[in-house]
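Asks: Protein chains in written order, with our numbering: chain A, 1 to 303; chain B, 1 to 152.
The set of hints was computed from the structure by calculation and includes no laboratory data. It is possible that part of the hints are untrue.
As the list claims (entries may be wrong) - Over the 12 Å line for every Cβ pair with chain B, so calculated as not near, a few chain A residues:
1. F70
2. L104
3. D251
4. A279
5. A285
6. L300
What the hints assert, rightly or not - List of simulated lysine-lysine pairs, DSS-like, C-alpha gap at most 27 Å:
7. B:K82 with B:K34
8. A:K4 with A:K66
9. A:K89 with B:K113
10. A:K172 with B:K136
From the three backbone atoms N, C-alpha and C, an ideal C-beta is built for every residue, glycine too.
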Amino acid sequence: MSAKSLVSISDYSKEQILRILELAAGFEACPNQRILEGKVAATLFFEPSTRTRLSFETAVNRLGGKVIGFSDAATSSSTKGETLKDTIKMVSNYADIIIMRHYLEGAARYASQVTDVPIVNAGDGANQHPSQTLLDLYSIHKTQGRLEGLNIVLVGDLKYGRTVHSLLMAMKHFPSTFYFVAPEELAMPSEYKQFCRDNGIDWHETTVFSQEIINQADIIYMTRVQKERFTDLVEYERVKNAFILRNNMLDNSRDNLRILHPLPRVNEIAQDVDDNPKAYYFQQARNGLYVRQAIISSLLDLV
Amino acid sequence: MADKSEMQVKALKNGTVIDHIPSDKLFKVVSILKLDKIDSEVTIGNNLSSRLMGRKGIIKIADRYFEEDEINRIALIAPKAKINTIRDYEVVEKKVIELPEEISGLVRCVNPKCITNNEPMEPCYRVVGRSPLTLKCRYCEHTMSQEEIKLL
Ligand SMILES: [Zn+2]
Chain A
1 MSAKSLVSIS DYSKEQILRI LELAAGFEAC PNQRILEGKV AATLFFEPST
51 RTRLSFETAV NRLGGKVIGF SDAATSSSTK GETLKDTIKM VSNYADIIIM
101 RHYLEGAARY ASQVTDVPIV NAGDGANQHP SQTLLDLYSI HKTQGRLEGL
151 NIVLVGDLKY GRTVHSLLMA MKHFPSTFYF VAPEELAMPS EYKQFCRDNG
201 IDWHETTVFS QEIINQADII YMTRVQKERF TDLVEYERVK NAFILRNNML
251 DNSRDNLRIL HPLPRVNEIA QDVDDNPKAY YFQQARNGLY VRQAIISSLL
301 DLV
Chain B
1 MADKSEMQVK ALKNGTVIDH IPSDKLFKVV SILKLDKIDS EVTIGNNLSS
51 RLMGRKGIIK IADRYFEEDE INRIALIAPK AKINTIRDYE VVEKKVIELP
101 EEISGLVRCV NPKCITNNEP MEPCYRVVGR SPLTLKCRYC EHTMSQEEIK
151 LL
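The whole structure should be built from the sequences, with the hints applied where relevant.
Replies: Spelled out as structure tokens, the structure:
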């Protein structure tokens, strides 16, 4: 069993999170460092995710490492009925670190138990995607200069949105005030509200994406409201335009406000927001590169 | 006041008596403890009348003692079971079952997209609540309430 893997954001202590953010800042200042020279990283994408895979592979390449792997299950041996365990054991013979995405939940945890090679979870079904959470934290810290004492507004699908759940879990170390803005059908699940209560996280809930909330926000974290999440399509039609951010809604917002989104976006952030200096989602995605460089090099004890 | 089952307990020279097993779970206990695969003498009584539980099952195993981890595996199905250790016809120790912090195997994860339902592997859960019983899958991190817990 590998002692050093990143499967879930809750595997990391506050100190470990801060260390990753600090390392990432170093990689942002100097993204090309040949510290992975002679190392091989495997990217095993049992479920395709071009965006995440390119980010990880760029991270390895910019550090001078080599990448092997596959980008969807159709080209891997799992379609021939090979177990995950066998695939991981086989790849462990070749790679120094395994970055994996899988459609089954818990796949990365299991993988970390069957090999001594560090595993980075790049998403396991609806469960965890810790590098996304770390890049969100990095983006908040970079734009606000701190992680604590902020007004953070989460908007959209808070029921199924894995990224907002993981962000909450990580923010237990950094007391801030959260505003959950979602249609009733996609409200923040009660277990996460309980998590907030248990960990002293201050939160408020509303179904109205109001000007008042926007005007006092430091961070607005937008997520997609997807039609297929609704059991009641009439309800979807009623709310689909109520959780869209438009540029004129930002007129009286704070100067330090930044808009985040895990991407890809559909229409929940209007195109006219893109040119507003408060739009931060493209830089946020870019920060993913530095955070992933930090994760990989720290798991391999190279920094 | 020595009733029949008490006398049967005494009749064992060395070994273990598991008492107060729910009648409908008796054979599940046999299989969890793999008593169908051992060579020593096993005596099973079922549907015995019990003041406490109406009907109960009892298992006597000769020359066999159980580690705590081992016996606690039946906690999910026989939480009220009593474990009597017998040496030279005497009950030398009485133990109650304790729900362990972690449960391996036994339970199917409620989440069909969980790796444990799709790989030849043993599931594993953390006990995050005792009453009501709540388990959290070590892998997919779903929590399961008492009603959702299905034995494998
Ligand atoms: Zn599970």
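Asks: All the hints need checking, so say for each whether the structure fits it.
Replies: Hints, verified against the model:
no.: 1; hint: F70; in the structure: holds, 19 Å
no.: 2; hint: L104; in the structure: violated, 5 Å
no.: 3; hint: D251; in the structure: holds, 41 Å
no.: 4; hint: A279; in the structure: holds, 33 Å
no.: 5; hint: A285; in the structure: holds, 26 Å
no.: 6; hint: L300; in the structure: holds, 25 Å
no.: 7; hint: B:K82 with B:K34; in the structure: holds, 18 Å
no.: 8; hint: A:K4 with A:K66; in the structure: holds, 20 Å
no.: 9; hint: A:K89 with B:K113; in the structure: holds, 22 Å
no.: 10; hint: A:K172 with B:K136; in the structure: holds, 20 Å
Hint 2 from the earlier list is the only one contradicted by this structure; the remaining hints agree with it.
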